[in-house]
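Starting from the known structure of chain A, fit chain B onto it as the hints suggest.
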Amino acid sequence: MGFFLAQILTGLANAGALFMVASGLSLIFGVTRIVNFAHGSFYMLGAYIGYTLMQVLPGAVGFWGAMLLAGVAVGVIGAFVEMVILRRVYAAPELFQLVATFGVILIVQDLALMIWGPEDLLGPRAPGLRGVVRIMGEPVPKYDLVLIGVTPLVALGLWALITKTRFGILVRAATQDREMVAALGVNQRWLFTGTFGLGCALAGLGGALQLPQGGADLLMDFTILTSVFVVVVIGGMGSLPGAYLAAVLISVLGVFGVAYLPQSTLALTFVVMVAVLMWRPFGLLGREEVAGEAGQVGPPEDPIRPAGWSVRAGVALALLALGALPLYGSDFALVLATDILIFCLFAASLHFLLGQAGLVSFGHAAFYGGGAYAAALLVRHAGAPMELALLLAPLIAGLLALAIGWVSLRATGVYFAMLTLAFAQLLWSLVWQWAEFTGGSDGMVGIWPADWAGGNAAFFWLAFVLCVAGILVLRHAAHAPLGYALRAARDNPARAAASGLAVARLQWVAFAFAGAMAGLAGGLFVFAKGSVFPNELEIARSFDALIVVFLGGVKTLSGGWVGGAVFEAGTDWLTRFEYWRLALGLTVLFIVTLAPQGIVGAARRLWQRGRS
Amino acid sequence: MLEAEGLDVFYGKAQVLSGLSLHVARGEVVALLGRNGAGKTTTLKALMQMLPVARGTVRLSGTEITGAPPYRVARAGLGYVPEERRIFTQLTVRENLEVGRQKPREGVPAWTEEGLFALFPNLAERADAPGRALSGGEQQMLSIARTLMGNPACLLLDEPSEGIAPVIVAEMVRAIRRLKGEGLTILLSEQTLPFARAVADRVAVIDHGRVVFEGTFDALDAAPGIRADHLAV
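Heads up: the protein sequence lines correspond to chains A and B, in order. Residue numbers for the first sequence follow UniProt numbering, so the first one is 1 and each next one is one higher. Residue numbers for the second sequence follow UniProt numbering, so the first one is 1 and each next one is one higher.
Okay, chain A solo, but in the shape it has when bound:
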């Protein structure tokens, strides 16, 4: 009994930071309709800033003051980010906003590295709360009890702010109908800035509050993000009580999981999430999100047309020149070109999903890494030859996509995006934890191609043929009935369904198809590198692909591979610098605010302007 109670108390204590970050994310989404991916980064900043302030400010007053100040400071930083960056993208399609917040993540990561260094920082203990209290014979840290008490207070304060003040009333009104709020004379800019700042302050406070338990490190932004997404999906986006309920549920579950079935913690969380979604697709206390209700669908897209003969001839010539690279290129050029080709296929597969099916997946790396691990595991554990591994990699990735899609596609919009990210993260953790089978963080090395494809030139040709073929198949699918049906379902699911299209099944097929193509890219990657590590499944890898698709231009057919080529070549050059994330993040923000149609879109506009 005592043990049971202690476990519940630990769970409640752990729920504190999670609730604050999740409620901030929820609040921001409710008003601005932006899923703030950088929310984990603000949480991390809260921890680091709190740490620094605690070093400077003395005693108990300094300790608690530092926490509050950290929240305020992060709130101010958040408000600044909103004013400088997000204000420019409110009217843009969802993807732009996401990419803008990715840019912020990258920048914050490097800034934190610059300021606080790569070492994990151990959080200071709360003055006077160092020991434990015995509750029914079980030790419970005193600080846990403080957390258990503080969290409902913060929740109560937040509730009062939202229900009792004019600001809160405006926030709730804007959550329902922004346009009407503006027509009533409310300047939404300040409302948005205020909400964003408040949400970030909550994240920062959460980060500072957990310092005595968890300290500060450079990975905590992504770690919390996954949990927060799970909490928000379970609790319901935009619902504060939902966020609290789900944070407690997940934390308590996690604590019991650790106690009874250490390997099951992740799986347990996901089983709960899937169960909740089956029962209530918009979370325990959430409401249905209507796509485009916030006016983010953007202008209707022009129909796509097959390229003209001149373009085709140009592409054929370029392909010929690329195919002949081994005849004139250096070894370095060959290796780089192989990497670029593989990445282009990966990006093109996500681009297909985004552009044709309108499904914004945040976890596409699950299939890229899934294909890579499938190939590597086949070689390692089944002694499969390269040819078989390359054949099975896309098949296994496709099956994986079928399974993940079966659950994720029950949700739409941001819920879908978060689910895909959560599943990718689950896969990543699985590979990480199941070290005896997958090699864990050491990865798997020595997975080399067959003898005939062993040379740089031979492998380049293999990658060239498979990747170009893959991209052409994706392109062909866009012009085939599948593509027409997908675009119809994307633009108006209700009408598409009324015309006899099985929308859900179509999207499922598209998801699996894109997953299989990503798996092929992953399989090729393993043999190109001779190794695979869990970071091929990371959130960062999914983000890379999203950034690339965005960079190339979502609304253009060639956006995927053009963006992929530019990105891979660019990062090859960028990563030679220490703070390349900062540079990449700034580039992304630059593009988001100045060339939102992407490379291909901007080039096309220039071309059309030149002609007219």
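If you are wondering where the hints come from, they were derived from the structure by calculation, not from laboratory data. Just so it is clear, CB atoms sit at the ideal spot from N, CA and C, and this is done for glycine as well. Since no wrong hints were added, every one of them can be taken at face value.
Now the in silico label distances, taken between C-beta atoms and shown as ranges:
(1) B:63 with A:590: 33 to 39 Å
(2) A:152 with B:63: 47 to 53 Å
(3) B:11 with A:590: 28 to 34 Å
(4) B:105 with A:167: 18 to 24 Å
(5) A:321 with B:13: 38 to 44 Å
(6) B:64 with A:163: 39 to 45 Å
(7) A:189 with B:90: 21 to 27 Å
Relative to chain A, chain B alone:
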């Protein structure tokens, strides 16, 4: 008070308003009549700058407001009551009114919660009920009251009589006359002539995105062609 000159408005490539001009004098109630799809709602939204105006100008009390963000238009004294009412269903009646509250304006009646509850007694009874619990007529009253909380000099009412019970329509007529008595300028869109006749001083008939007739009801009665060509269904 409110002057629109040569407004062009497009939805994508389709032109919805072409060279629409309209004038409402201070203290006047003008009814904008027209069939479904004639462009009534678009006109009101364009006046409110909730739609991009491709060509033409809108002036409020002599100040040009074309292209201004809607919140500035509202603060300049133009109040908008949408056809769908768009009340905040999750908020109570009082909270809905709070969203609309703005500072008092010089030379315009300043509204308070009590004043509006006196104008619409039904709302007073439901002051703490959530918006979603209101009937259609009550929602319409709340939508008007909410906009009045901003103390507008000129009110845009989009089909105030649509879809509400006849008893409530009578009450709406009474309320609009009362607002006119307070010195408010009103432009309202309508599909039905009787309601327009009951509240308005003048009438403007709109068809295919342009004003085809502007004048008194007597003049409209004297021009049967206008009614037959542009109003009859």
